[in-house]
Amino acid sequence: SQQGEEDPQALSIQEGENATMNCSYKTSINNLQWYRQNSGRGLVHLILIRSNEREKHSGRLRVTLDTSKKSSSLLITASRAADTASYFCATAASGGTSYGKLTFGQGTILTVHP
Amino acid sequence: DSGVTQTPKHLITATGQRVTLRCSPRSGDLSVYWYQQSLDQGLQFLIQYYNGEERAKGNILERFSAQQFPDLHSELNLSSLELGDSALYFCASSVVGLAVYNEQFFGPGTRLTVL
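Residue numbers (our numbering), protein chains in the order written: chain A, 1 to 114; chain B, 1001 to 1115.
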């Protein structure tokens, strides 16, 4: 079963608008990562935020993490048509022998209209 | 281009058959991961190898097996295929074996269709 649930499942916006996607998870984590997937292609890593961090920026991306609520959000500012893709959050569990295992959410399908 | 290569890109086969998917990690990466992506199950972690040794196991069926060779490439073997095994299979690699330290780089995937 999936660790995370993403909200919304689908988001449709106009170019230039901001897009916000949310992710909730269930267990304690060491870090949370966001990935992008263009239709039927491989995933591309966007950003990693550790459990002791609250906010992180990378270009037009802003990620927040609230470990007390077990939730994260990804904000894409000034969106472009090229941002159209599926966005997944993935969690790396803390402790144990999880090693490299990432648990992915169901994803948010973002469509940016020109 | 992530630097991770997977072959073949597409594979069409029949139920009951056996197939092998191949993955070459990025140069210098010691860890290889296999994931299955399907419409009903989403993206599921199957198995991880680090420098030739199995390190973590996820929702991998007994009909499936994997290995990592001395040159660090990996193969995922799927046998007694069923219709439900139709999916995208991704390989990813990372420098070290712990997700706590770094991101994973994904290959383009192999689309398996079982008829």
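It cannot be assumed that every hint is accurate.
Output of the computed footprint for chain A on chain B, the stretches with three or more beta carbons under 8 Å from beta carbons of chain A [to be verified]:
hint, stretch
1, 1063-1069
2, 1074-1085
Below, in silico cross-link-like pairs of lysine-lysine (DSS-like), each with a Cα-Cα straight-line distance of 27 Å or less [as the list claims (entries may be wrong)]:
hint, chain 1, residue 1, chain 2, residue 2
3, A, Lys56, A, Lys69
4, A, Lys26, A, Lys69
5, B, Lys1009, B, Lys1057
6, A, Lys26, B, Lys1057
7, B, Lys1009, A, Lys70
8, A, Lys26, A, Lys56
Derived by calculation from the structure, the hints in this document are not laboratory data. Beta carbons are placed, not taken as given, at the ideal position from N, Cα and C, and that holds for glycine.
Against the structure, the hints come out as follows:
Three residues within the 8 Å Cβ limit are the bar, and the stretch 1063-1069 of chain B against chain A gives 0, so the coverage statement is violated. Only residues whose beta carbon comes within less than 8 Å of a beta carbon in chain A count, and the stretch 1074-1085 of chain B has 0; fewer than three means the coverage is violated. Our distance criterion of 27 Å between C-alpha atoms is met by Lys56/A and Lys69/A, whose separation comes to about 17 Å. This hinted pair checks out: Lys26/A and Lys69/A have alpha carbons roughly 9 Å apart, not beyond 27 Å.
The straight-line distance between the Cα atoms of Lys1009/B and Lys1057/B is roughly 24 Å, inside the 27 Å bound, and the hint therefore holds. Distance check on the hinted pair: Lys26/A and Lys1057/B sit about 20 Å apart at the alpha-carbon level, within 27 Å; holds. Taking the CA atoms of Lys1009/B and Lys70/A, the gap is near 37 Å; set against the 27 Å cutoff, the hint is violated. Restraint check for Lys26/A and Lys56/A: the C-alpha separation of about 21 Å stays at or below 27 Å, so the hint holds.
Of the numbered hints given earlier, the model fails hints 1, 2, 7; all others are met.
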